[in-house]
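Trainee: Here are the chains, one letter per residue:
Protein chains: 2
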Amino acid sequence: MKAYIEQHKERFYQELFSLLRIPSISAKPEHKPDMTRCAQRLTELLLEAGADKAEICPTAGNPVVYGEKILDPKARTVLVYGHYDVQPPEPLEKWRTDPFDPVIADDPATGEPAIWARGANDDKGQLFMHIKAFEYLLRSGKLRHNVKFIFEGEEEIGSPSLPAWMKEHKGLLKADVCLVSDTTMISDKVPSINCGMRGLSYLEVKVTGPNKDLHSGHYGGAVANPIQVLCEMIASLIDADGRVTVPGFYDQVVELSAQDRALLARAPYDEREYKAFLGVDALRGEKGYSSLERTGIRPCLDVCGIWGGYTGAGAKTVLPSEAHAKISMRLVPNQRSAEITPLFAEHFKHIAPACVKVEVKECEGGDGFLIPISSEAYKAASRAMAEVYGVEPVPSRGGGSIAVLAEMQQILGIDPLLMGFGLERDTIHSPNESYLLRQFFAGMESIALFFGFYK
Amino acid sequence: MKAYIEQHKERFYQELFSLLRIPSISAKPEHKPDMTRCAQRLTELLLEAGADKAEICPTAGNPVVYGEKILDPKARTVLVYGHYDVQPPEPLEKWRTDPFDPVIADDPATGEPAIWARGANDDKGQLFMHIKAFEYLLRSGKLRHNVKFIFEGEEEIGSPSLPAWMKEHKGLLKADVCLVSDTTMISDKVPSINCGMRGLSYLEVKVTGPNKDLHSGHYGGAVANPIQVLCEMIASLIDADGRVTVPGFYDQVVELSAQDRALLARAPYDEREYKAFLGVDALRGEKGYSSLERTGIRPCLDVCGIWGGYTGAGAKTVLPSEAHAKISMRLVPNQRSAEITPLFAEHFKHIAPACVKVEVKECEGGDGFLIPISSEAYKAASRAMAEVYGVEPVPSRGGGSIAVLAEMQQILGIDPLLMGFGLERDTIHSPNESYLLRQFFAGMESIALFFGFYK
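Chains as they are written, first to last, in our numbering: chain D, 2 to 456; chain V, 2 to 456.
Just to be clear, a hint being listed does not mean it is correct.
Since the list gives no way to pick one copy over another, a pair counts as held whenever it fits inside one copy or between any two copies.
Claimed, not checked - With a Cα cut of at most 27 Å, we get these calculated DSS-like pairs of lysine-lysine:
1) 350 x 213
2) 95 x 29
3) 95 x 362
4) 350 x 95
Hints in this document: simulated from the structure, not taken from any laboratory.
Model the full structure from these sequences, guided by the hints.
Mentor: What follows is the structure, given as structure tokens:
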């Protein structure tokens with residue numbers, strides 16, 4: 002596919018940029034029209050690439066884009082999953098370029114050319130590789146499989162509508178494997194295939210003290226400050242050993258055998274480099290586990306956001322009425338989000354002192370999953386990536402969550418295969434998201450080869 | 002003065018409203034032009050009321066308004082202090098009316114008419130009473146004192162420029178007492194005169210973890226979350242007995258005798274009513290002290306604001322790079338802000354774990370002060386308020402801070418006298434600030450009578 006890429010890459014950029022320019026931020030209701038625009042643009046791209054059909058399918062939330070090319074009903078079918086929604090771009094002031102005005106520019110750190118935009122990697126850039134690999138296979142007469150595409154618009158908010166839509170379209174979605182590029186590799190020198198992801202429970206909490214903002218001079222010292230109380234409650238959620246204190250949190254966690262842990266420990270990890278990349282002097286996590294284990298096989302709790310009181314410029318004194326936080330927990334097999342979320346909510350209310358009132362709102366949830374590395378699809382992907390990278394990829398465990406893939410396993414009975422081509426440097430979900438051209442093209446080649454090896 | 006008020010009150014409203022309409026928010030640099038407009042309007046009002054001169058005096062920050070009426074160089078001189086800057090109005094969505102479009106409307110809770118606007122009480126409404134009492138005394142031929150006015154535009158940000166300006170104008174500001182209406186009374190049934198206020202140390206802290214926002218799935222569990230760390234640090238600042246844990250914090254605090262505490266305990270306080278007014282089920286504060294003591298004679302620490310990570314709508318997952326908080330400490334005699342601020346900064350840096358970096362920025366500071374109740378000015382004020390309210394006012398200790406008054410004592414050698422007519426219900430510094438017309442007029446009458454009784 003190398004030659005095809007060389008010949009068509011200017012067109013590829015323009016097509017991808019047309020997607021990246023649409024601010025399809027699923028977390029913000031005001032972007033509803035952008036979701037439809039983005040879905041519309043995807044159907045055009047699928048049809049131009051050679052799909053028999055491509056349509057916008059309404060759901061309870063943002064639409065799903067479905068496309069297909071059926072060559073032979075008896076041939077194997079590959080279902081490609083991706084998502085066209087993106088994370089909010091905030092904090093905007095940290096972007097060097099407009100998040101929705103994509104550019105190709107050299108990475109200031111390495112000098113390597115990359116695409117810079119929100120969604121450049123996650124997931125518009127990665128799903129686009131599949132459309133182009135499909136286009137190449139079809140036009141070059143190499144396609145032997147049926148291909149189906151589903152691109153959803155709610156992955157970044159936990160895919161609330163896709164499961165119901167999949168249940169209604171089980172027949173349509175019949176396939177042998179679900180190919181997904183929405184994850185990272187360990188490094189560009191150590192390609193990896195993700196064979197497990199963490200689940201997620203995401204909640205928003207509100208702590209209310211007095212029924213109005215108070216003058217902190219008149220009341221300070223006599224009335225509980227809800228920010229102080231929230232801080233105390235959050236501080237108590239993780240103990241000195243780095244363990245989450247919610248009762249029952251670890252009850253279902255699968256403890257890996259020493260052998261399994263040894264296997265995972267073979268993945269390359271240089272703590273000095275890791276710390277230097279993050280700019281931290283010390284790491285912190287659950288006692289008794291390595292960093293790779295802490296993000297791969299162990300659950301954790303993170304405060305994703307906190308706010309309360311006066312946050313503007315200057316020195317306003319106030320004893321505020323409310324304090325808020327967004328709290329996420331990454332879950333591992335066999336923790337069920339549907340069990341952990343109420344455990345957390347109950348615990349958080351339980352630890353609230355009498356001087357405040359607490360509200361807990363469930364925002365998002367999904368289970369983790371594991372993928373067998375003995376499958377034919379895994380083997381084909383491994384062979385493809387070995388050819389492109391010159392190194393056999395290692396199986397890895399991803400710390401992130403694509404909640405809907407666990408549901409897909411349950412609803413459709415299809416195992417996902419996670420061929421992700423992102424790198425740590427891409428800083429997805431953060432300012433200055435980008436995608437190295439090198440990985441963008443290596444991804445396309447790997448996907449095209451996968452179809453060749455997957456019998 | 003009752004009849005004069007009745008005759009002129011419509012004009013009074015319009016004059017005060019012209020001040021209230023100017024958003025003179027000192028904490029926000031973009032309001033700089035509003036500060037000058039407000040100062041300009043004050044000079045007009047002083048001259049219209051009968052001042053010999055009134056001028057805008059530049060300082061390193063917002064201008065000071067100085068006005069005077071010198072009747073007789075040998076007569077006693079009363080210096081009136083007030084401030085024309087206001088607190089930011091946020092959160093805007095909680096205001097029932099526009100904070101800078103003043104209206105007279107009945108209090109929804111009590112049906113009593115009040116002026117509703119940011120600054121209606123603090124301090125435009127209260128300083129305006131002095132201008133009108135002066136106008137009345139002058140026009141009715143009852144003025145026997147020299148009167149000087151200083152209105153500053155930086156009280157809400159800690160009066161950074163006024164001390165230097167006072168040092169340069171010691172001669173101009175010579176006076177026997179400094180009359181201030183910028184505080185509250187215990188209740189409209191229990192008038193009080195404030196004979197002590199707390200000092201203030203105000204700092205902003207920043208906790209930095211990784212050098213960029215991270216995907217909380219990829220890194221969560223292995224990298225310290227700066228929000229979590231900030232929460233732990235804040236939680237540790239107050240112990241289980243409600244005491245501030247900064248080493249040395251209480252070293253200089255003057256412990257009151259049992260007799261003094263008994264005297265203060267005579268102020269009326271109904272815990273049930275207090276809790277009902279605040280809408281809380283339980284109070285919290287330093288062990289061993291009453292609510293009045295906790296806000297009057299004991300220092301405290303409050304988080305005035307906190308922010309970090311994603312605070313928008315929806316469920317964005319992120320392990321943020323930074324977390325921030327604004328922290329105020331109310332100080333009592335003999336705690337010096339200049340000593341407490343560095344003690345806090347040092348302690349906060351000291352308790353930071355190795356996985357984060359901490360910055361501490363000093364924002365504002367000032368000392369508390371005490372006023373002798375044996376002075377002639379106090380006695381005159383007490384007699385005036387007793388006549389207006391029909392009850393002898395009690396001496397009280399205010400929990401708030403007017404940092405510049407301690408400096409005024411030191412620089413000019415003038416004791417302040419705090420005749421404040423605010424009430425708890427006015428919710429200054431909060432949404433829906435208002436000032437009861439009844440208190441507005443009672444304040445003018447009390448001030449006019451004070452001049453009569455002060456020999």
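Trainee: So, for every hint listed, does it hold in this structure?
Mentor: To see whether the hints hold, each was checked on the structure:
1. In the homo-oligomer, the alpha carbons of residue 350 and residue 213 lie at most 27 Å apart inside one protomer (21 Å), although the nearest pairing across protomers, at 32 Å, exceeds that limit.
2. Within a single copy, residue 95 and residue 29 get their C-alpha atoms as close as 20 Å, and across copies as close as 22 Å, so both meet the 27 Å cut-off.
3. In this assembly of identical chains, residue 95 and residue 362 lie within 27 Å of each other by CA distance solely across copies; the values are 22 Å between and 30 Å within a copy.
4. In this assembly of identical chains, the alpha carbons of residue 350 and residue 95 lie at most 27 Å apart only when taken from different copies (26 Å versus 36 Å within one copy).
Of the hints listed earlier, there is not a single one the structure fails to meet.
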